[in-house]
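In order, the protein sequences belong to chains A and B.
Residue numbers for the first sequence follow our numbering, beginning at -1 and rising by one.
Residue numbers for the second sequence follow our numbering, beginning at -10 and rising by one.
Keep in mind that the hints were calculated from the coordinates and are not lab data.
Check each hint, because a few of them may be wrong.
Stated by the list, open to error - Restraint-style ranges between C-beta atoms, simulated for each label pair:
| id | chain 1 | residue 1 | chain 2 | residue 2 | range |
| --- | --- | --- | --- | --- | --- |
| 1 | B | T280 | A | D26 | 44 to 50 Å |
| 2 | B | G300 | A | N19 | 29 to 35 Å |
| 3 | A | Y138 | B | K11 | 14 to 20 Å |
| 4 | B | G260 | A | E116 | 48 to 54 Å |
| 5 | B | K11 | A | K1 | 46 to 52 Å |
| 6 | A | P40 | B | T12 | 39 to 45 Å |
| 7 | A | E116 | B | Q335 | 52 to 58 Å |
| 8 | B | V268 | A | S74 | 38 to 44 Å |
| 9 | B | G300 | A | Q121 | 26 to 32 Å |
| 10 | A | N19 | B | N287 | 23 to 29 Å |
| 11 | A | Q84 | B | V268 | 43 to 49 Å |
Stated by the list, open to error - One side of the interface only, derived from the structure: several residues of chain B facing chain A at Cβ under 10 Å:
| id | residue |
| --- | --- |
| 12 | N(-6) |
| 13 | L2 |
| 14 | Q6 |
| 15 | V8 |
| 16 | F9 |
| 17 | D10 |
| 18 | N287 |
| 19 | E288 |
| 20 | A290 |
| 21 | T291 |
| 22 | K293 |
| 23 | G296 |
| 24 | K298 |
| 25 | H299 |
| 26 | Y301 |
| 27 | A375 |
For each residue, glycine too, the CB sits at the ideal point set by N, CA and C.
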Amino acid sequence: MDKMIEVNDLSFSFGSGELKNTVLKNVDLTIHAGEIVIMTGPSGSGKTTFLTIIGALRQATEGHVCVIGQQLVNSSEYAKVKIRQQIGYIFQQHNLLKSLTAVQNVAMALEMHPGLSETQRLQRSADMLCSVGLDDRLYYKPDQLSGGQRQRVSIARALVGKPKIVLADEPTASLDKHSGQDAVGVLKKLAKEAGTTILLVTHDYRILDIADRIVELEDGIIK
Amino acid sequence: MNPYNYFYFPGRLAWRQLVFDKTKLFAAICGVLFACVLVFMQLGFKDSLYNSAASAPLKMNGDLFLMHKQTEAMWRPTRFNRSELMRTLGHPDVASAYPMYLSLAQFKNIETQTKRTLMVYGYDPDADLLAVEAIIEKRTELRLKDTALFDESSRPEFGPMRALLDAGKNSTEINDYKLKIIGLFRLGVSFAADGNVMTSDQNFLRIFSDRRADQIDIGIIKVRPGSDVKKVQADLKSRLNEFVNIFTYDELVQYEKSYWENTAPIGFIFGFGTIMGLVVGMVIVYQILFTDITNHLNEFATLKAMGYKHGYFIRVVFASAFFLAILGFLPGFLMSLGLYRLAESQTFMPMPMTPHKVFTVFLFILSMCASAGLLAMRKLKAASPADMF
Ligand SMILES: Nc1ncnc2c1ncn2[C@@H]1O[C@H](COP(=O)(O)OP(=O)(O)OP(=O)(O)O)[C@@H](O)[C@H]1O
Ligand SMILES: [Mg+2]
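All chains should be built: construct the whole structure from the sequences, respecting the hints.
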């Protein structure tokens, strides 16, 4: 499958009637397998909204959104859950489970994969944490890690299930320049190795160079 | 997902979330424990009340019992004519019929001379109307003038009777009538009487000089072995005057219990207390679980975004509820057990920890935890995962 994400004529609004706030207007975007696309745009332009629709976290009702061959507009809960399982999502706040260690957090992404034993799950999670440079932090809980380390755990969690697509919402927002570039560098390296498609939303101009393509969203319209 | 992991994974996550914050876990356990103790104590007092109320009828040795229709409970009987009881002897299956006399009276503490009310039972010692071994053994001595037996389970305010008897101090007064305590037995106190004394029918009439032998409180009938008690009861009912009730043993016990449960204000008070205990317990448990789930809502949303189904979170919440119920129940149970013993030693009323009670309270705590969890769950169901971040 060449086209991983295909969006045609997508419109989205919050609220209804007088309070209707149209956030996305007839958006078209196609992303091919293995591409790394960065989406930028001013605050409030609808980037997060767009990303949550692609990630099957929000229900769109107008237009066409095809992700990994699945139509997401007016889709069933079951179809959305299936898509979510094939996507790695990196949140702006790391959103790790604070009661779990780094390796347990990463392994949570594998619990839904049938056919893996507990040992295999933990092994794969540990390997992934090594790849993001956290070999010595496997058994640390999130509140014992630095912001950059947490974001790297969260990258490991997004990638460990070998997803076809990774969606990242401002993954460097809470990091300083150095650790931000570190985290994104790791993400790019691993994604290129596995041929993963990435759509990354950011304000951070320092990381634009990792992208194959940059698109800009302004007032709900792709430029 | 294989069926084992289906429950194991959410259970494990619930457990890890619970033990992560030890302080919160401790507080939650204390809350469940408190609810547990509250409900246990209310149920305990209530049961103890009804059991002790029926301690005398339970020991009654007979097949059928006559009481005046106006007698609501044994502590306050209305008298009726002995001839009514004697007429039952005309029935071929009736083996014997004996009267029992009852009255509350003032008993003088041998040591301190203070007076306190107790219940006096009077009947022919040869009739063995109370199935209490210690009374039956004293049959002959009880026939002597001005003798009585004292209930050892009476409240201590009546004096340390065993020690006094051992020291040879055995003469006291009941309603200012002098008599001798010649031994001890065990029957049990109730809410109506703090103590009991048993004496012969002859002595009873001496103590209560205004009472007459032909005005009796309860008539106790024994039927011939092998005869049908229900049938005899039905036969007698049609012959007896309409102002008397005729009860079987089970009916008598039930009649006495239901007086305390329904008629006496004390039954209402304890019923109310139990319901309050349940409600307060419920609110506590609900509050704990609801806060717990609210605190984890954003973690659940993260998992939802990763592709976890709603059912997974329901299982997580049920598992937390289950763990909390167990962790709170075990110490709650042990503490209640201790409090039961303490209450027994203070009130001198039996407070048994029955399996039935244990089961009821555990089921209650568990369902409270579970429904509190389910209520809190609706919050997650309603919210789209995208709005959580
Ligand atoms: N749950 C919501 N309900 C109603 N309106 C919303 C909701 N979420 C976002 N909006 C509105 O939609 C618009 C786009 O929001 P969105 O979060 O997509 O912007 P963004 O491009 O991600 O901005 P930022 O760069 O600041 O994160 C905003 O005007 C916002 O007020
Ligand atoms: Mg945003």
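Here is what the structure says about each hint:
Checked against the hint of 44 to 50 Å, the C-beta distance between T280(B) and D26(A) comes to roughly 46 Å, which is consistent with it. Checking the proposed 29 to 35 Å range against G300(B) and N19(A) shows it holds: the Cβ atoms sit about 33 Å from each other. Checked against the hint of 14 to 20 Å, the pair Y138(A) and K11(B) passes, with Cβ atoms roughly 18 Å apart. The hinted range of 48 to 54 Å is satisfied by G260(B) and E116(A), whose Cβ atoms lie roughly 52 Å apart.
Here the CB-CB span from K11(B) to K1(A) is close to 51 Å, well matched to the stated 46 to 52 Å. Taking the beta carbon of each, P40(A) and T12(B) are about 44 Å apart, inside 39 to 45 Å as hinted. The beta-carbon spacing between E116(A) and Q335(B), approximately 54 Å, falls within the hinted interval of 52 to 58 Å. Roughly 41 Å separates the CB atoms of V268(B) and S74(A), a value that falls within the hinted 38 to 44 Å.
For the pair G300(B) and Q121(A), the beta carbons lie near 28 Å from each other, so the given range of 26 to 32 Å is met. Checked against the hint of 23 to 29 Å, the C-beta distance between N19(A) and N287(B) comes to roughly 24 Å, which is consistent with it. Q84(A) and V268(B) have their C-beta atoms about 48 Å apart, which keeps the hinted 43 to 49 Å range intact. The closest approach between the C-beta of N(-6)(B) and any C-beta of chain A is roughly 8 Å, which is under the 10 Å cut-off, so the hint is satisfied.
Proximity of L2(B) to chain A holds as hinted, the smallest CB-CB distance being about 8 Å (cut-off 10 Å). Taken as an interface hint, Q6(B) checks out: its beta carbon lies about 5 Å from the nearest beta carbon of chain A, inside 10 Å. Evaluation of the V8(B) hint against chain A yields a held restraint, the C-beta minimum of about 8 Å falling below 10 Å. Satisfaction of the interface hint for F9(B) is found here, the shortest Cβ-Cβ separation to chain A being roughly 3 Å, below the 10 Å cut-off.
For the restraint placing D10(B) at the interface with chain A, the shortest Cβ-Cβ distance is roughly 8 Å, inside the 10 Å limit, so the hint holds. Residue-level restraint check for N287(B) holds (minimum Cβ-Cβ distance to chain A is 7 Å; threshold 10 Å). Annotation: E288(B) was flagged as interfacial toward chain A, and the flag holds, the nearest CB pair being 5 Å apart, inside 10 Å. With a cut of 10 Å, the hint placing A290(B) at the interface with chain A holds, because the nearest CB-to-CB distance is about 8 Å.
For T291(B), the interface hint holds, since its Cβ comes within 10 Å of a Cβ in chain A; the closest pair sits about 4 Å apart. Annotation: K293(B) was flagged as interfacial toward chain A, and the flag holds, the nearest CB pair being 8 Å apart, inside 10 Å. With its C-beta approaching chain A no nearer than about 3 Å, G296(B) sits inside the 10 Å limit, and its interface hint holds. Hint status for K298(B) relative to chain A: holds, with the closest Cβ pair at about 6 Å, below 10 Å.
A hinted interface residue such as H299(B) counts as satisfied when its beta carbon comes closer than 10 Å to some beta carbon of chain A; here the least separation is about 8 Å, so the hint holds. At about 9 Å, the closest approach between the beta carbon of Y301(B) and any beta carbon in chain A falls short of 10 Å, and the interface hint on this residue holds. With its C-beta approaching chain A no nearer than about 4 Å, A375(B) sits inside the 10 Å limit, and its interface hint holds.
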